[in-house]
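J.: Single-letter residue listing:
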Amino acid sequence: MSPKELRADGFKTLEQFIKQFEDKESALIKVLYEAQHIFGYLSKEVMLFIADKLEVPASKIYGVVTFYSYFTTEPKGRCQIKVCMGTACFVRGADQLSRQLENQLKLKMGETSDDLKYSLDSLRCVGACGLAPVVLVNDKVYGKVEVDDISKIIQDSEV
Amino acid sequence: MKKIATYKDLADAYVRWQPLMALRQEAVHAGAERHELLVCGGTGCQSSRSMELLHNLEAEIKAAGLEKKAVAHVTGCFGFCEKGPIVKVFPDDVFYVEVTPADAKDIVHDHLVNNILVERLLYEDPAKPGCHLEKQHDMSFYKKQERIALINCGLINPELFEEYVAVEGYQALAKCLQDMSPTDVSDAIKNSGLRGRGGGGFPAGVKWEIAGKQPGPEKYMICNADEGDPGAFMDRSILEGDPHSVIEGMIIAAYAIGASQGYVYIRAEYPLAVQRLQRAVDQAKEAGLLGDKILGSNFSFELEVKFGAGAFVCGEETALLRSIEGGRGEPTSKPPFPAEKGLYGKPTVINNVETLANVPQIMRRGPAWFSAIGSEKSKGTKVFALAGKINNVGLVEVPMGITLREIIYDIGGGIKNNKQFKAVQTGGPSGGCIPAADLDIAIDYDTLVAKGSMMGSGGMIVMDEDNCMVDIARFYLDFTMEESCGKCTPCRVGNKRIHEMLTEITEGRGTMEHLEKLANLSSVIKDTALCGLGQTAPNPVLSTLKYFYDEYVAHVRDKRCPAGVCVKLLNYVIGDACIGCGLCSRGCPVSCITGEKRKHHTIDQARCIKCGACETVCPVKAVVRSK
Ligand SMILES: Cc1cc2nc3c(=O)[nH]c(=O)nc-3n(C[C@H](O)[C@H](O)[C@H](O)COP(=O)(O)O)c2cc1C
Ligand code: SF4
Ligand code: SF4
Ligand code: SF4
Ligand code: FES
Numbered sequence: 011m012s013p014k015e016l017r018a019d020g021f022k023t024l025e026q027f028i029k030q031f032e033d034k035e036s037a038l039i040k041v042l043y044e045a046q047h048i049f050g051y052l053s054k055e056v057m058l059f060i061a062d063k064l065e066v067p068a069s070k071i072y073g074v075v076t077f078y079s080y081f082t083t084e085p086k087g088r089c090q091i092k093v094c095m096g097t098a099c100f101v102r103g104a105d106q107l108s109r110q111l112e113n114q115l116k117l118k119m120g121e122t123s124d125d126l127k128y129s130l131d132s133l134r135c136v137g138a139c140g141l142a143p144v145v146l147v148n149d150k151v152y153g154k155v156e157v158d159d160i161s162k163i164i165q166d167s168e169v
Numbered sequence: 280m281k282k283i284a285t286y287k288d289l290a291d292a293y294v295r296w297q298p299l300m301a302l303r304q305e306a307v308h309a310g311a312e313r314h315e316l317l318v319c320g321g322t323g324c325q326s327s328r329s330m331e332l333l334h335n336l337e338a339e340i341k342a343a344g345l346e347k348k349a350v351a352h353v354t355g356c357f358g359f360c361e362k363g364p365i366v367k368v369f370p371d372d373v374f375y376v377e378v379t380p381a382d383a384k385d386i387v388h389d390h391l392v393n394n395i396l397v398e399r400l401l402y403e404d405p406a407k408p409g410c411h412l413e414k415q416h417d418m419s420f421y422k423k424q425e426r427i428a429l430i431n432c433g434l435i436n437p438e439l440f441e442e443y444v445a446v447e448g449y450q451a452l453a454k455c456l457q458d459m460s461p462t463d464v465s466d467a468i469k470n471s472g473l474r475g476r477g478g479g480g481f482p483a484g485v486k487w488e489i490a491g492k493q494p495g496p497e498k499y500m501i502c503n504a505d506e507g508d509p510g511a512f513m514d515r516s517i518l519e520g521d522p523h524s525v526i527e528g529m530i531i532a533a534y535a536i537g538a539s540q541g542y543v544y545i546r547a548e549y550p551l552a553v554q555r556l557q558r559a560v561d562q563a564k565e566a567g568l569l570g571d572k573i574l575g576s577n578f579s580f581e582l583e584v585k586f587g588a589g590a591f592v593c594g595e596e597t598a599l600l601r602s603i604e605g606g607r608g609e610p611t612s613k614p615p616f617p618a619e620k621g622l623y624g625k626p627t628v629i630n631n632v633e634t635l636a637n638v639p640q641i642m643r644r645g646p647a648w649f650s651a652i653g654s655e656k657s658k659g660t661k662v663f664a665l666a667g668k669i670n671n672v673g674l675v676e677v678p679m680g681i682t683l684r685e686i687i688y689d690i691g692g693g694i695k696n697n698k699q700f701k702a703v704q705t706g707g708p709s710g711g712c713i714p715a716a717d718l719d720i721a722i723d724y725d726t727l728v729a730k731g732s733m734m735g736s737g738g739m740i741v742m743d744e745d746n747c748m749v750d751i752a753r754f755y756l757d758f759t760m761e762e763s764c765g766k767c768t769p770c771r772v773g774n775k776r777i778h779e780m781l782t783e784i785t786e787g788r789g790t791m792e793h794l795e796k797l798a799n800l801s802s803v804i805k806d807t808a809l810c811g812l813g814q815t816a817p818n819p820v821l822s823t824l825k826y827f828y829d830e831y832v833a834h835v836r837d838k839r840c841p842a843g844v845c846v847k848l849l850n851y852v853i854g855d856a857c858i859g860c861g862l863c864s865r866g867c868p869v870s871c872i873t874g875e876k877r878k879h880h881t882i883d884q885a886r887c888i889k890c891g892a893c894e895t896v897c898p899v900k901a902v903v904r905s906k
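The listed protein sequences derive, respectively, from chains A and B. Okay, so the first sequence: first residue is 11 according to this note's numbering, each after it adds one. Okay, so the second sequence: first residue is 280 according to this note's numbering, each after it adds one.
Everything labelled a hint here was simulated from the structure, so no lab data went into it. This one's a predicted model, so the numbers in the text were calculated from it and none came from an experiment. Note that CB positions come from ideal geometry on N, CA and C, so glycine has one too. Hints may be right or wrong, so weigh each one.
What the hints assert, rightly or not - Okay, derived cross-link-like pairs now, BS3-like style, lysine-lysine, Cα gap no bigger than 27 Å in a straight line:
(1) Lys625/B - Lys70/A
(2) Lys118/A - Lys775/B
(3) Lys613/B - Lys70/A
(4) Lys34/A - Lys625/B
(5) Lys92/A - Lys34/A
(6) Lys492/B - Lys282/B
(7) Lys492/B - Lys469/B
(8) Lys341/B - Lys407/B
(9) Lys572/B - Lys492/B
(10) Lys656/B - Lys492/B
(11) Lys118/A - Lys889/B
(12) Lys63/A - Lys92/A
(13) Lys775/B - Lys154/A
(14) Lys847/B - Lys92/A
(15) Lys54/A - Lys847/B
(16) Lys22/A - Lys70/A
(17) Lys838/B - Lys825/B
(18) Lys162/A - Lys695/B
(19) Lys34/A - Lys620/B
(20) Lys847/B - Lys116/A
(21) Lys889/B - Lys162/A
(22) Lys805/B - Lys116/A
(23) Lys407/B - Lys348/B
(24) Lys613/B - Lys805/B
(25) Lys656/B - Lys154/A
(26) Lys92/A - Lys407/B
(27) Lys469/B - Lys118/A
(28) Lys847/B - Lys118/A
To be verified - These stretches of chain B come out as covered by chain A in the derived footprint (C-beta under 8 Å, 3 or more residues):
(29) 315-326
(30) 397-409
(31) 594-605
(32) 650-661
(33) 682-690
Stated by the list, open to error - Pairwise CB distance ranges, derived in the manner of DEER restraints:
(34) Ala18/A - Asp571/B: 41 to 51 Å
(35) Thr76/A - Ala647/B: 43 to 53 Å
(36) Asp19/A - Ser539/B: 38 to 48 Å
(37) Asp19/A - Glu398/B: 54 to 64 Å
Let the sequences and hints guide you as you build the complete structure.
T.: Here it is as structure tokens:
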């Protein structure tokens with residue numbers, strides 16, 4: 011499918027998903043969750059579409075999207091590198107990993123590279139504190155990471 | 280599935296499924312005919328490829344032709360995450376640690392076929408090197424633990440409804456519906472002394488009683504599974520390892536207060552917990568344990584799973600209610616308390632996951648049994664997520680009133696790499712740091728508060744000499760500042776100011792005046808912020824100021840970070856290993872590194888902005904940070 015068809019398809023899936031809810035207002039978070047799952051991020055177009063279908067003001071949608079850190083209004087890189095900044099990882103040196111990643115990828119935390127190849131983010135506790143400090147690449151978990159492992163992790167993520 | 284529509288159906292199901300647990304509950308004996316292998320399937324162990332291990336065990340069992348004699352399945356967290364993935368073999372009761380997918384072959388061949396223990400996978404007693412322990416209860420990690428909320432984690436397969444019924448699941452519910460009035464139930468919980476495990480420690484039975492007394496037919500029961508403390512993972516582990524116990528606890532609570540609709544509010548970032556919980560809810564619905572006229576009684580209750588989306592403040596109960604209603608999770612002032620006016624303005628009880636997981640056990644074994652455990656004012660046990668610079672990272676459930684020293688040294692096995700203990704942080708971003716001098720206090724809700732910390736949800740992070748306490752305070756404020764909803768000024772502006780001051784101190788721009796201002800501003804915020812997030816946010820600052828004042832002074836007056844953490848107070852220097860490749864000087868953004876080709880390079884400290892780029896690029900690690 012072409013990107014355009016893919017998008018149209020995404021909107022169809024989303025509309026189907028929305029239809030199942032009777033109480034539209036309280037379903038908002040679930041809908042946004044699904045929408046982000048489909049499109050990767052919540053663009054203005056997607057937010058307006060949801061506002062229309064749920065019959066909620068777009069301002070409210072925007073208010074909710076920006077309130078919760080799970081939602082993003084910007085596209086993310088194909089390779090999403092996330093450093094756990096939960097307390098267990100922090101006390102075991104996670105900030106040194108972040109610094110190393112920032113230096114090597116030439117990105118700051120929360121940024122995405124212009125070519126949409128990488129994005130770098132932090133998150134709070136993935137529940138693998140026994141493996142602290144933890145780095146996630148897409149959904150793969152790297153545990154007990156040391157500063158010297160970072161180059162290898164970036165290399166691995168390229169394939 | 281056949282419906283469990285009456286008390287008799289439940290009793291029959293128990294008899295029918297009880298044999299499922301036979302091997303696991305049987306008296307220990309080696310050389311058994313049949314075996315069961317339990318593999319930890321919690322988030323932590325799955326990250327260490329435990330599902331691949333399970334798959335390999337199944338394949339090896341098949342290859343050895345043992346399908347009739349052995350099965351492998353997944354179970355919830357054993358708690359000993361440091362040594363994961365764990366495989367427990369029944370009925371021999373052998374506990375293998377740090378098992379990799381490649382070890383599956385030896386476990387099946389040596390243990391199952393030839394009846395020889397796989398020595399190298401046994402836990403080595405740190406006190407007696409070379410001495411291998413095969414039984415879980417012989418390990419110092421488990422000796423002082425007592426499992427109530429975690430009783431089924433690491434015992435049953437959380438995906439099988441039958442196994443929960445086989446460990447007397449839903450019998451507490453049957454007892455409540457059959458023999459007790461709603462008031463009897465809240466009285467029993469009141470008498471047990473169970474206090475909320477989500478942070479505040481409010482007596483659960485009292486909350487139920489208040490909500491139960493409210494007029495009107497429409498009430499709600501909510502389980503708070505938001506678990507916002509970064510570094511706590513007990514609620515997730517309970518939901519992953521024993522979801523039905525939480526559901527049963529919720530139905531019992533709903534009966535006590537007269538709610539017919541319930542919600543579990545869970546973070547969407549916990550995919551495995553969401554999946555196991557949703558499956559358990561579906562199973563309970565299918566069996567008829569959720570829905571109309573449960574077990575043939577007149578009581579009906581529906582349950583739905585709701586997602587949170589990564590906002591710490593949504594763990595606060597009033598914010599949680601706004602989030603379930605579909606809006607921004609901003610707290611509202613109390614009173615009115617949710618028990619009087621909660622979801623959609625109706626009486627609502629909100630309880631934490633762990634609180635609810637205790638309920639079925641209490642109702643089955645009786646309030647007196649529960650209240651005999653723990654300390655004078657805090658009954659029962661508490662699950663702690665022990666992490667940080669500790670040898671045995673994991674989930675531990677201990678009776679209230681145990682000392683910090685017992686948890687950290689006996690259970691936790693002491694500090695990693697024989698370093699010096701510095702502090703233990705409890706209560707997450709709302710809590711405080713407790714120094715070595717207080718290791719012998721018996722911990723419960725009240726003693727922790729008296730020490731300037733709190734129980735919180737049970738995060739327990741151990742810090743050693745390499746951690747900088749000012750930096751830790753800054754870390755927590757960074758968290759609360761980011762998570763502040765912004766509704767009230769003391770929190771939105773005040774905590775931001777505190778964070779700024781801490782940053783200035785860690786960057787060498789602090790003055791003694793900063794320290795005074797920090798203390799003053801902290802107490803103003805505590806008094807004036809609208810919700811618990813803002814009110815407790817200064818705790819990490821106040822407790823570190825109180826117990827580690829010297830470290831603050833070193834940063835401010837001597838411009839020195841004693842732990843060697845605060846980068847801006849360190850110097851980057853080039854050591855003897857330098858080969859003169861010049862990479863660092865080309866990469867330095869302020870061009871402050873000089874040196875001839877193939878000769879030792881030097882950094883001009885006056886101009887260095889301490890960005891760390893040189894350390895990153897140096898191929899021979901010649902650039903080091905000195906305190
Ligand atoms: C900022 C903030 C975050 C909270 N986060 C949680 C949480 O993640 N889980 C939880 O159970 N309670 C949390 N609480 C406590 C809840 O407001 C509430 O007291 C608790 O869920 C009640 O249940 P319990 O009485 O069973 O502990 C939080 C409170 C505050 C102020
Ligand atoms: S204290 Fe903070 S989180 Fe709570 S209402 Fe005020 S601004 Fe929001
Ligand atoms: S830390 Fe940065 S500014 Fe300082 S010498 Fe190294 S590269 Fe240059
Ligand atoms: S990069 Fe390392 S080896 Fe090369 S000149 Fe700099 S300090 Fe010396
Ligand atoms: S703090 Fe990083 S996994 Fe828990």
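J.: Lys34/A and Lys625/B were given as a pair; does the straight-line alpha-carbon distance stay at or below 27 Å?
T.: holds (20 Å)
J.: Check whether the Cα positions of Lys613/B and Lys805/B lie no farther apart than 27 Å.
T.: holds (16 Å)
J.: Starting from Lys34/A, check that the Cα of Lys620/B is at most 27 Å away, please.
T.: holds (23 Å)
J.: So if I understand the rule, the pair passes when the alpha-carbon distance is 27 Å or less; does Lys625/B with Lys70/A pass?
T.: Holds, at roughly 24 Å.
J.: Quick one, are Lys92/A and Lys34/A close enough, alpha carbons at most 27 Å?
T.: Not OK: Lys92/A and Lys34/A at ~33 Å, beyond 27 Å, violated.
J.: Keeping to a limit of 27 Å between CA atoms, is the pair of Lys341/B and Lys407/B held or broken?
T.: Violated. Lys341/B to Lys407/B sits at ~37 Å, over the 27 Å cutoff.
J.: Does the structure keep Lys656/B and Lys492/B at a Cα separation of 27 Å or less?
T.: Holds. Lys656/B to Lys492/B sits at ~25 Å (cutoff 27 Å).
J.: Go ahead and decide if the range 54 to 64 Å is satisfied by the Cβ distance of Asp19/A to Glu398/B.
T.: holds (56 Å)
J.: Going straight from one Cα to the other, do Lys92/A and Lys407/B come out at no more than 27 Å?
T.: violated (39 Å)
J.: Is it true that the C-beta distance of Asp19/A to Ser539/B lies inside 38 to 48 Å, as the hint says?
T.: holds (40 Å)
J.: Measure nothing beyond the straight line between the CA atoms of Lys656/B and Lys154/A; if it is 27 Å or shorter, mark the hint as holding.
T.: Violated - the C-alpha atoms of Lys154/A and Lys656/B are around 39 Å apart, more than 27 Å.
J.: Between the segment 397-409 of chain B and chain A, see if three or more residues pass the 8 Å beta-carbon test, and mark the coverage as holds or violated.
T.: n = 0 at 8 Å, threshold three: violated.
In this structure, the earlier hints numbered 5, 6, 8, 12, 13, 15, 22, 23, 25, 26, 27, 30, 32 and 33 are contradicted, and the remaining ones agree with it.
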